[in-house]
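Undergrad: Here's the letter readout for the chains.
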Amino acid sequence: MIIQVKNLSKTYEYYKKAPGIWASVAGLFHREKLYKKAVKEISFEIGEGELVGFLGPNGAGKTTTLKMLSGILYPTSGEAKVLGHTPWKREAAYQKQFALVMGQKNQLWWDLPAMESFILNKEIYEVPDAEFEKNLNELVELLDIKDILDVQVRKLSLGQRMKCELVAALLHKPKVLFLDEPTIGLDVVAQKNIRDFVKHYNRENKTTILLTSHYMEDVKDLCKRVIIIEDGEIMYDGDLVKLIEKYAPYKVLKITFERDVEKSDIDRFGEVMEFEPGNVILRVDREKAKNVAREILSSDLPVDDILIDEVDISDVVRKIFSNGKDNSLKA
Amino acid sequence: MKKYFRVWKQLAVMASESYMSNRIEYGSYFLGKIIRFCFLMLMIAAIFSHTGNMAGYTKYQVIIFFLTSFLIDTLGQAAFRGVYLFREDVRQGNFDYTISKPLNSLFLVLSRLPDFLDVIFIFPLVAFLFYAFSKLDIFYNPQLLAYYPVFLMLSFLMVAGIHVISVTLTMWTMESESFIWVLRNTTFLSLFPPEVYSGSIQLFFTFVFPIIVIFAFPAKVLLGLLTLKMALVALAMTFVFFGGSLLLWKTGLKHYSSASS
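Chains A and B are the protein sequences, given in the same order.
All residue numbers in the first sequence are consecutive under my numbering, ending with 331.
All residue numbers in the second sequence are consecutive under my numbering, ending with 261.
These are computed hints drawn from the structure, not numbers from a lab.
Here the structure is a predicted model, which means the values were calculated and not measured.
Incorrect hints may appear among the rest.
Claimed, not checked - Lysine-lysine pairs mimicking DSSO-like chemistry, simulated, CA-CA at most 30 Å apart: (1) 175(A) - 2(B); (2) 250(B) - 105(A); (3) 105(A) - 135(B); (4) 135(B) - 175(A); (5) 2(B) - 134(A).
Same shape as in the complex, but just chain A (with noise of 0.2 Å):
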């Protein structure tokens, strides 16, 4: 295993700060100290090349591990080894073999065009000069960033940072690549590149990666297995086909009409989810999909199109998230 996590628990502590002068006065005298448990003895364990999916809403838990991971922060309790190094000991030997990349933060200088920030990775990284050619050659060219190597990062677009940050954080070659929110706030055309990228990049190198994001599209693109975390606790750890399955144990049915419908004329056929005269969405048992949807289409209304479906993930989640911890969702 590459990665193996066992009862890992991290408490963060802070202080109360109650609104206003008078209380921030009083502050400078007696805070009161409060405890917040981000992640609660979870264990999971993840092996050579796999990618990883961690979701969780916001406050989860999932960029704490990630940072437990990295090495960033020390955990309150419970063990944890990548690659037979203990993370928080910042080893050098484990650090040149693992890359961090943040969506909401950025590693690149600002003021300097990205290569030059390349180059200091190479030095820190101690990249052979051969070897920082080859890999830079190859990731320029499959994240197509030729022509902005030399423009000031400031001046580059938000998917084109992002691709640099990509870059920066794998010229050493990693073998464990921890990505948190890399397709945050990037249009849909920037993060299917990224998706893309990192699809390739898992398959070509067999770099474990551990991919934490909003987008269910990341997720339902890069990942078999998913981890779902939910107030610092594991609740669903396995394949992501299984969780439809076992989740949303129905398919959709998205049908067009050559002209208006009555509800009344296919509520038969399943639960109406969505209903416009021209256009339905409707649930079905995800078995006898494909015998309500011949059915439908050997019926006498007047069918256009007809689509089969799986569920939208996030709504998958969401349904978990709503239903709050339960640990039948364990798989």
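With chain A held as given, fit chain B onto it using these hints.
TA: Relative to chain A, chain B alone:
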């Protein structure tokens, strides 16, 4: 060591390019530094146009104190300018990247922006020092000249220690690099010989917040006025202060809570 030099060299190249891309900002900063230096020199000249000595020191001895203090301050700013960027790095969470790299994070934090404008300033300062020293009516002692850089080095370590304490406090509190401004503001007090201040103030700034040890002791060594006892005190204080600051940084790193995502 070779790796650290190569990283520092690249940081220096990047800092220079950064300065050149922000010409107005750094040009103004450099101009301000020259104006401050000239103003203080004029002030010394004005004081000595009315009196023959200051707290028992001649004009050129006072200038040695002034230039030594200015030199140490400039060396500290040239080497540790990264401290002024640190708060934003911590607040924005970019320090997370620094901490995850296979290099001493303190080195990366402090040496992030080597300041060549300050380095340029060092040359005329040293030339002025030689000039002032040549004007002193004291017995030329090569030993004193040899001790001077040693004490400058000790002062540099103490200044490094203050910068380390400052970044540790910033890391803990995520507040401004206020501690470094205590040093910057008290540096002004050290431009003159410590004897101009009362005994209790001298004691405070020698043993509690040791700016007299940092800024005045090297000048006293050059002037042959530092006793062996006080020289040993300076040596011991440097090791305790610098060592203590590194320990504090290590403890701070262990408790670093990172900015929220």
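Undergrad: All hints, please: hold or fail.
TA: We went through each hint and held it up to the structure:
Using a Cα cut-off of 30 Å, the hinted pair residue 175(A) and residue 2(B) holds, with the two alpha carbons roughly 26 Å apart. A C-alpha spacing of about 24 Å is found between residue 250(B) and residue 105(A), which places the hinted pair at or below 30 Å, so the restraint holds. Straight-line distance between C-alpha atoms of residue 105(A) and residue 135(B) comes to about 55 Å, which puts the hinted pair past the 30 Å bound. Between the alpha carbons of residue 135(B) and residue 175(A) the distance comes to roughly 64 Å, so the proposed pair goes past 30 Å and is violated.
Restraint check for residue 2(B) and residue 134(A): the C-alpha separation of about 23 Å stays at or below 30 Å, so the hint holds.
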